[in-house]
Amino acid sequence: MTGTVAERISAHPFFGPLTGEQRAALAADGTAVRFAAGERLFEEGGDADRFWLIEDGSVTLDIRVPGRGDQVIETLAGGAVLGWSWLYPPQRWQFGAVARLATTAIEFDARAVLRRCDADPAFGYAALRLFTPVISERLQATRLRLLDLYGAPSQPGYRETRETKAEQR
Amino acid sequence: MTGQRTATATLADPAPAVPCLYRVASRREDTSDTVTVELADPDVPVPAFAPGQFAMLTALGVGEVPVSVSGLGDGGGGRARRLEHTLRAVGAVTRALCAVQPGGLIGVRGPFGAGWDVPSAAGRDLVIVAGGIGLAPLRPVVLTALAHRSRYGRIVLLAGARTPADLLYAGDLDPWRRAGVEVAVTVDRAERGWSGEVGLVTALISPAGLAPGNSVAFVCGPDIMMRVTADALAALGIPADRIRVSLERNMRCGAAWCGHCQLGPLLLCRDGPVVGYDRAAALMRVREL
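So the protein lines, in turn, are chains A and B.
Under this note's numbering, the first residue of the first sequence carries the number 357, and numbering increases by one thereafter.
Under this note's numbering, the first residue of the second sequence carries the number 1324, and numbering increases by one thereafter.
In case anyone wonders, no lab produced these hints; they're calculated from the structure.
Fair warning: this is a prediction, and the values are worked out from it, not measured in the lab.
Among the clues, some could well be false.
Short, incomplete list of chain B residues facing chain A, as computed with Cβ under 10 Å [what the hints assert, rightly or not]:
| id | residue |
| --- | --- |
| 1 | Q1424 |
| 2 | R1447 |
| 3 | R1515 |
| 4 | P1545 |
Backbone N, C-alpha and C fix where the C-beta goes; we use that ideal spot for every residue, glycine too.
Make the full structure from the sequences, and use the hints.
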């Protein structure tokens, strides 16, 4: 990725709904960063004081399970926003995050962004409208995964509805 | 074999009601509950199935189920044409079909239905999105595109599976990558040692960098997966009539006579299973039809 943070934010569709002034304000709280594959970005339970726009690469979200190590919950690819625990108290990471591949991102100072939201409600409202669709989409995807779509007896390509229904009786 | 063939029915009939018997020429266990069989007849040419079409397969003495073709069927090298089906053992019939060993007999009626019509996508990028066992009916799309590589733009395969162990055709993926297919795989639940993507298959769409104005999409999987995938592709800008989904319903006769597979105005054994999302979208949101 090339260009200043301000240029990169202006060019990224995620920030499209913001005004030019709001994008410039956000850029003041952002820094371009790189993570090597395998590098941990944050630990579960840690201080949620940052968030990232992943530009390129991939990041794994994980949760620590005693005796089973770090269980991967989800991976996030380029274009995704990483981290929203900073938005609400207690501002602690709910999960951990590790760069799965070499990753470039814009890292934002979450405390500075929150201060800006408090000081400028119009900016705060715009920021909230930026992030709630991300939260909503992840929630919907998680709900669909809970359905265990690919488990039997549903099986596309087989069209065995009648048989499986008969067996369920 | 000919002596076992029944009455006057042949697979060349427009709507054969009586199955022909084929021998299992090969059998491969793909996953713990999924088997791919090749069916052949040394005496009679096996008819050509288009990608996306299905056959009614009979497990002798047990019952009959519709199953899409999962291969091109061209034996190559002078070998007789074969029918390839991937079966998942979830019910009495499919368990019996999966258990048939090489040399055993399986009844076949078909080909039935409207397929993926891959040639009509010539000149465009192919976006193939599979969920779980839905990769089976889409495998012939990949194979057709590779057999005529110069006719198509990018070939993008996005596949979702329950776990890494449930991923179908894992051995095909690297050869497809080497042949130029852009393959991305995600699983719902990672297992120890899995270093790939984890999440819903729709999460693979954005990173694929598709060109919606020049893409044709082929989507197969559970109904809900197809719906959210087709909606995501449509939101990206792929017109609904260039998004094709394969609908599974209760196919029985295969000839649009019995009405068991009716979905609104469609009789899916004839008008489907592959249907454009411009027609399918509304039908996939109705509780009962």
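Evaluation of the provided hints:
Here the hint on B/Q1424 is broken, as its CB sits about 20 Å from the closest CB of chain A, past 10 Å. Annotation: interface hint on B/R1447 violated; nearest CB of chain A at approximately 24 Å, more than 10 Å. Of the supplied interface hints, the one on B/R1515 holds, with its beta-carbon coming within about 8 Å of a beta-carbon of chain A, less than 10 Å. Below 10 Å, beta-carbon pairs count as interface contacts, and B/P1545 has one with chain A at about 5 Å; its hint therefore holds.
The structure does not agree with the numbered hints 1 and 2 stated previously, though it agrees with the rest.
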